[in-house]
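Chains W and X are the protein sequences, given in the same order.
Counted the way my numbering counts, the first sequence spans residues 1 to 122.
Counted the way my numbering counts, the second sequence spans residues 1 to 596.
Treat the hints as calculated values from the structure; they're not laboratory data.
Take these hints with a grain of salt, some might be off.
[What the hints assert, rightly or not] In the DSS-like style, the derived pairs of lysine-lysine whose C-alpha atoms are separated by at most 27 Å in a straight line are:
#1 W:K16 <-> X:K45
#2 X:K262 <-> W:K2
#3 W:K87 <-> X:K85
#4 X:K255 <-> W:K16
[Stated by the list, open to error] Far from chain W by the CB rule (all over 10 Å, computed), these chain X residues:
#5 Y4
#6 G342
#7 G371
#8 G502
#9 A533
Since this is a predicted model, take the numbers as computed values, not measurements.
In this text, a Cβ means the ideal position worked out from N, Cα and C, and glycines have one as well.
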Amino acid sequence: MKSLEELAKIREEALKKVDLRKERKGTRIVVGMATCGISAGARPVLTALLEEVQKRNLSDVEITQTGCIGVCRLEPIIEVYKEGDDKVTYVEMNAEKAKRVIAEHIVNGRVVSEYTIGAYEK
Amino acid sequence: MELYRSHVLICGGTGCTSSGSVKILEKFEQELEKHDLTKEVKLVKTGCFGLCEAGPIVIVYPEGAFYSQIKVEDVEKITEEHLLKGRIVKELLYKEAVEGDQVKSVNEVGFYKKQQRVALRNCGVINPENIDEYIAMDGYRALGKVLTEMTPEEVIDTIKKSGLRGRGGGGFPTGLKWEFTYRAKGDQKYVACNADEGDPGAFMDRSVLEGDPHAVIEAMAIAGYAVGANQGYVYVRAEYPIAVKRLQIAIEQAKKYGLLGKDIFGTGFDFDLEVRLGAGAFVCGEETALLQSIEGKRGMPRPRPPFPANKGLWDKPTLLNNVETYANIPQIILKGADWFAGIGTEKSKGTKVFALGGKINNTGLLEIPMGTTLREVIFEIGGGIPNGKKFKAVQTGGPSGGCITAEHLDTPIDYDNLIALGSMMGSGGMIVMDEDNCMVDIARFFLDFTVDESCGKCTPCREGTKRMLEILEKITEGKGEPADLEKLENLAYTIKSASLCGLGQTAPNPVLSTLQYFRDEYEAHVYDKKCPAGACQSLLQYFITEACKGCTLCAKACPVGCISGETKKLHSIDQDACIKCGACMEKCPFNAIIKK
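So that you can see chain X by itself, here it is in the shape it has in the complex:
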């Protein structure tokens, strides 16, 4: 075993990989070689640190120095100054990590201070491709404990007592699901993991699989023991190449150590795990469609009951949980149900991972105890809205959820509170919108997504969402009629009540919730033919104000030549010819062009 005096952790999550962290790792290798530091300094490629906005991220221990937005050129300096001479390169640190002369460790930065990491506890700490590092962090001890000290009933009891609920969106009590599968009769049972994360802007599950794949493997083996299954499947979308690769490496390593396979820990318990790749259909995140897809059939939902707990894969009892749900399990076993139940609110226990995106300063991944308020998440952890814009709403639950407005910012986040507000927890996508976002356009965007992703099996979803989208397009183009709003609502309620699966039943939610909170915006589009946020192109007009100095730049920039005026005199736009491309507004040095 080699001991190092310093560890350099380089983020290998999808976000940082795409911003070049692989090249940075290579450069570090060269630099360490050059300075003969390879025996003193260890390089570790980890999973997502969470603060993707500041990527690529490099953290140097033991100091916990938090370097952000590192470029290949910076590596030489970090190596020479920090690793060789022990002087932290302050100008490359994350801006919040330097306070006067003081350098703060990564855990003291505002983004991390309010977080509590259970599911993400190893993300950004261990090398996900090294099973030993997972074992060092108490990995597979929970599986050992379960197999040697607990009966399946005791395991299920612990999960039930912990109050853990499904993290994929539905919030069904996990322990109950386990119990149903345990009680179901069958010679063969299966456990499955739903890693078909499809909400636009969501990447919680991907980050868990990329940063801590063994946690999911261990939890699935525990689940297998509890419900009486010896075969598991992870259904993960093929668009997550890094997650798939790390998961496969992790499974191989676990098999080599005998933590998967026959007679685990000499207890006679067998468990095997396979990966199934999904082709990226959103509907395959729905449990019955997912199971069909694992079987190799076309991913389409079927009516429930029977539930998968009784009739799942190949008609055998099957337990299906989400990635994040599984990632909590080993901790609950090791630390106890009471510990977990001590976190969160009365009916929502534990923590939840969110992917924060949209108009927000700290785009990234975070994990908070249930009951944290939206305000804390958006303004403290998320760092608020960029460019001094005003907060308008936050969309949770992706295409199945709804918008939450400023007046509800102090609501503690949990399953029931969000549903009461007309939205839902969902899998954890959180998209922040500011005053420039048009809510009708947002609703149109989400509906456009569900129309694309509807599997077409049942009519309300296939036809209904399409009709709703057409109405929304009409409204955003300024052709909306007063009757359209009522029609939208009627369609929405019909689709909700008549669709076969969750996709259709929740598809109208973005429309209903924006209609509830931003009806005035819809009305402005329909009656006044105006888009208050200035986002809907067809409803906009560009004007040149008195601030115009007659520099002629706008006229030169206009691709259709609709701007006229003499040099040094006020220019004007021919509204009939204008194609609303905005080129003039970008070029104007005096900010004299406005749109409204």
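Isolated chain W, as found in the complex:
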């Protein structure tokens, strides 16, 4: 180790790996992963979310899974809880859609209305 910058760089990289264990605020994305969700293809959605969050270096986003959300026919479903905002539910997701949700909703703060359960029900 020859400089403080070097240490700071390692720290920054490493922090992302342990960040999950800290008390945190921020956005929570929940993927429905009961039998229905998994068979409808929730796992590629989850992997896509993880990859996208990692690629964009988003540190305050937590991705977790849950059981059956209830509307099995609309699976894969993901729910986004952004601090201070109402919950947004996206339905019939796939990997491509998941990436768009990260880009538009999580990063830019614009809900992707066409994927939401509200749009589907209309």
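Given chain W's structure and the hints, the job is docking chain X onto it.
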């Protein structure tokens, strides 16, 4: 870099390792493989979580779900339910972590709520065998700050202002020790770390080394810079294999990153660290004996002065601090002396780690701000005494300390308060005793330990403790005479004032403090030949009460055949033949047999 959605932390401390956490880790590996979760879920082996009573412990983040007493068979369920489907397995959670339908995170559990973790802050949070995780938690930033922004005088000043005192037991102001070593003249100086933890029931230092070895390494490098030393030694007992291994891994990693070695952070400061294994002699925890042992000589104390700060290893100025003391240093540098001095009481700053054991529900490791009361530690964090028994006393300071009784439970814990009560802070062992513990027997136990561990160099300790032990054995066997109590006290004071080192000077403390608070128990043994707590075998008699139904089970269980009586009639014990093994009492289905 890989990002995971979930982290599974498995305790790899000595406690949980011995209750099978390694097998649990292996099973998790298999299960994750089976469910194809290896890219989503990360397994981390950490240091001690503290609540050893509930081990093996597994914590799953981000939920902070606190699973306790996990068996290999449970792993499949946790993987399928929690990790795969996201449903926390409530029945496997620590009992306090479930309240109605609510699942509480690990930090909200009673055992952790009152704690404040400074020395243990990374224990159970990071993987101790991965230097990157330590760096992520601000690791080595303090060393960087010290080397690039501070002069040695400023470092010493900060430590002095923080009010940190030695955590090994003596409570000597750490900053002063650093200053003495800094001012001592010498072409070569050393820093050393005392990890020769020997008190029965104490495992604070072990847990720090197992859970966060880099904190000690970083602090020693800081100390080296402050006092002008470029070589350090960690003296750790060989009975701590996991701690030794992790420390060695940590040193290797630090060397690879250039955080130990030549020209650290390009500042021209060199520092190297070596591990020295102790063979487990208690006296080697005494500083002069420890330094002798590092040099490869027989571990025996020598008179002070000269103090190690002037004449230590190979007669060179040497700074010697305890593991826990060092573990506080990086935090003090980063957060400032005022932050540290803001925690604790007027003369005892910061936090203290305790190993809680004995008759207590939550056996384990905890860290509290100085000034927390004994009652909070024992009844809130410790969860009280098992089986509804009554609290009798708590022994602090191990074989050098003393007992504190129920009337002093509301005393705030700090160095001076404990000494005023006739005990001491010690390194942090805390043994809780209930009504079934005989205080004479406890004193005998500790003295038995010091007799074994006395190095034999000075007569008061070598001969005196042995004579004291003989008297105590006499008393517990019911052969005590009235003059014995006075003799005990005389011996105790002589040994205290005439012994060469701390071991002898403090060895009579358990006797003196039990004599002070429980003299009636000693007198009951000597005059009435009775043990009020019912612990001293020779003073006990077993009796069969009217509750006896004459089932004959006790007579069948008795190995010497001293129980007689007809079927369905009251039985009796022949007291002369009885060997007091207690087999009858265990067998009796009606609780008709009592001892007194």
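Here is what the structure says about each hint:
1. W:K16 <-> X:K45: At roughly 18 Å apart (the allowed maximum being 27 Å), K45 of chain X and K16 of chain W satisfy the hint.
2. X:K262 <-> W:K2: Holds, because 10 Å separates the two Cα atoms, which is no more than 27 Å.
3. W:K87 <-> X:K85: holds, 21 Å
4. X:K255 <-> W:K16: holds, 24 Å
5. Y4: violated, 7 Å
6. G342: holds, 21 Å
7. G371: holds, 25 Å
8. G502: Holds, because the least Cβ-Cβ distance between G502 of chain X and chain W comes to about 39 Å, which exceeds 10 Å.
9. A533: Check passes; 45 Å lies beyond 10 Å.
Violated hint: 5 only; the structure is consistent with all others.
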